[in-house]
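2 protein chains.
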Amino acid sequence: MTGINRRMMLAGAAAGATAAMLPGAKPARAALPLQGKQNPGWYRYKVGDYEVTVVTDGAGTFPLPDKFVVNASKDQVAAELAKHHLDPAKITVPFTPIVINTGSKLVLIDTGYGEEAAKKPNATTGQVTANLKAAGIDPANIDIVIISHFHGDHVNGLLNAEKKLAYPNAEVMVPAVEWKYWTDDGEMSRAPEGRMQGLFKSNRAIFDALNRKVTPYEWNKEVIPGLTAIGTPGHTPGHTSYVLASGNGKVFIQSDVTNVPFLFVSNPGWHAGYDQDGDLAEATRRKTYDMIVAEKLPVQGFHYPFPGLGHLEKAGDGYRLVPMPWNPVI
Amino acid sequence: MTGINRRMMLAGAAAGATAAMLPGAKPARAALPLQGKQNPGWYRYKVGDYEVTVVTDGAGTFPLPDKFVVNASKDQVAAELAKHHLDPAKITVPFTPIVINTGSKLVLIDTGYGEEAAKKPNATTGQVTANLKAAGIDPANIDIVIISHFHGDHVNGLLNAEKKLAYPNAEVMVPAVEWKYWTDDGEMSRAPEGRMQGLFKSNRAIFDALNRKVTPYEWNKEVIPGLTAIGTPGHTPGHTSYVLASGNGKVFIQSDVTNVPFLFVSNPGWHAGYDQDGDLAEATRRKTYDMIVAEKLPVQGFHYPFPGLGHLEKAGDGYRLVPMPWNPVI
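Listed in order, the protein sequences are those of chains A and B. According to the working numbering, the first sequence is numbered sequentially starting from 1. According to the working numbering, the second sequence is numbered sequentially starting from 1.
Mixed in with the good hints there might be a few duds.
Any copy, or any two copies together, can satisfy a pair, since identical chains are not distinguished.
What the hints assert, rightly or not - Derived BS3-like pairs: lysine-lysine, alpha-carbon spacing no greater than 25 Å straight-line:
no. : residue 1 : residue 2
1   : 46        : 83
2   : 37        : 119
3   : 90        : 296
4   : 287       : 213
5   : 83        : 314
6   : 90        : 46
7   : 296       : 46
8   : 37        : 120
9   : 120       : 287
10  : 180       : 201
11  : 180       : 213
12  : 67        : 164
13  : 221       : 37
14  : 46        : 163
15  : 133       : 74
16  : 120       : 46
17  : 74        : 90
18  : 296       : 74
19  : 37        : 133
20  : 164       : 287
21  : 119       : 133
22  : 221       : 180
23  : 201       : 83
24  : 37        : 314
If you are wondering where the hints come from, they were derived from the structure by calculation, not from laboratory data.
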């Protein structure tokens, strides 16, 4: 006989309110008040001789939009959220930059929304600077910032709350294809009103604040020693992923090949509203994921839940993300 | 055309060693040396009005023993590890106590190995005290320590490195069934030599250091308001799980209903060497997990990877653990 039964579990669920004080109970309050504070979101792992520090910028939560997925109904998306044990009425999107210390360079890949976002009331993003500091990293120590593509959650943090350089000593490296696209006046003039025009404008404001002082980098070449840029276009024209390799270590840094895994890893055919060219993004996604599965590479995902490191496996018509166990030592 | 191809990814993998210095590269060393330090392992979430703080004691890694699973071959276990993207030659077992702040009591469930373990060379366990402090919790603030069962990873930390009370102001509450079993001289005399005799002796040493001053608690009753003890025997005779409930929040604290999920959640019929009564432990496991799946309860697992919170779903002949996304705010 086991002592457990369903009635007791349900009873347990309702009992909190009616409980009497226990014998031996002394203070009416806990010795410590509720803390209400989360652990600073950073996590460290080795890739060969390199040290990767994941630093979350936080996560944004919002009511499920009608067309979060362009080619699926809101009901289908809600059902998929529920299937993943999540609230079907809202979406939470995490933002997860990483720092690579190669021993000779301290390199940040993507910036998060940055300090400006942290100033908003009830802010849940803009945590990168605080989390870097918690991890022992001063932004002034960053030698290079590498940008994967020109969306706000990846570039806005190039500037601090005073609209000055957040990484004052860093060289800023950008995908050559992405740079060409967003600085091309013809592309801007042809871009639709609304979100796309807004992106052109905000990108230009950011890079003007840097005096357009950037180093474009090419696909299929090393951006820094050990970090090879892989063109994964569709999400944006110059969207870039990376293979980080050192010694026997290797990890695929996917950037936004998928947005949140609980929708788009399971359903690689779904197109996020954020994907500029949905068909190309899907082709890239399937090709990239098939390769990652075949190579059994660990994957670091910008929109995966912190710390964003896992493995992919085929599951039904899509894939499954298996988060890597947290390592309490490094 | 996407820019990615397999040859490039493999090339990227090998390129680290041969890379030349980049134009624009200045210092030969990063502005910051490798840090080599992991984030203190604590994580906080709300259950209704209650605040739960998960504090990892670390994780132990050891070569895969021949009989880690009593009723499966070493090859089968190694294959299962590989299937979960883990090294098939070794096992990593995490240890994950939690603190519950009810607003009127600060309660620790299980202690981890404690400070004694942290003193060993290259220690990877015994981190609870350090992680409590990182989370803003002084061990002297703990009002109650609740023990789920009498194995070293759950009780050794009752004592600090000086073999004194690690939680000097805490009432220690233990399952009545477990207390009766381990303090019964007849049970001890009948226990097999080796591990079981060792457990009897070390448990008695620990509780003698406490002058046997404990409060036994009963199954199917509240241990503290909102926390109901659920008998889940088999792993030990008095092994106990809990339902924590406050407001609309509810979580099932499974203790050791399974050891590591990547073996025993997938294969509920596998018996860990640590299970004192393998058949009863299996019956408990299946009954408990079927109920958790039916009730869609979140589960907190002592041997789940940090932070140890997830949902269970049926998968094939067993179950699958889906870790809950890390919440960067609380």
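Going down the list of hints, with the structure as the test:
no., hint, in the structure
1, 46 <-> 83, "between (33 Å within a copy, 22 Å between copies)"
2, 37 <-> 119, "within (17 Å within a copy, 30 Å between copies)"
3, 90 <-> 296, "between (32 Å within a copy, 18 Å between copies)"
4, 287 <-> 213, "neither (34 Å within a copy, 63 Å between copies)"
5, 83 <-> 314, "both (17 Å within a copy, 12 Å between copies)"
6, 90 <-> 46, "between (34 Å within a copy, 18 Å between copies)"
7, 296 <-> 46, "within (17 Å within a copy, 36 Å between copies)"
8, 37 <-> 120, "within (18 Å within a copy, 32 Å between copies)"
9, 120 <-> 287, "neither (39 Å within a copy, 47 Å between copies)"
10, 180 <-> 201, "within (15 Å within a copy, 72 Å between copies)"
11, 180 <-> 213, "within (14 Å within a copy, 73 Å between copies)"
12, 67 <-> 164, "neither (35 Å within a copy, 60 Å between copies)"
13, 221 <-> 37, "neither (42 Å within a copy, 31 Å between copies)"
14, 46 <-> 163, "neither (33 Å within a copy, 36 Å between copies)"
15, 133 <-> 74, "neither (39 Å within a copy, 44 Å between copies)"
16, 120 <-> 46, "between (34 Å within a copy, 23 Å between copies)"
17, 74 <-> 90, "within (11 Å within a copy, 44 Å between copies)"
18, 296 <-> 74, "between (33 Å within a copy, 23 Å between copies)"
19, 37 <-> 133, "both (16 Å within a copy, 14 Å between copies)"
20, 164 <-> 287, "neither (39 Å within a copy, 59 Å between copies)"
21, 119 <-> 133, "within (17 Å within a copy, 29 Å between copies)"
22, 221 <-> 180, "within (18 Å within a copy, 67 Å between copies)"
23, 201 <-> 83, "neither (39 Å within a copy, 47 Å between copies)"
24, 37 <-> 314, "neither (37 Å within a copy, 34 Å between copies)"
Violated hints for the displayed structure, listed by number in ascending order: 4, 9, 12, 13, 14, 15, 20, 23, 24.
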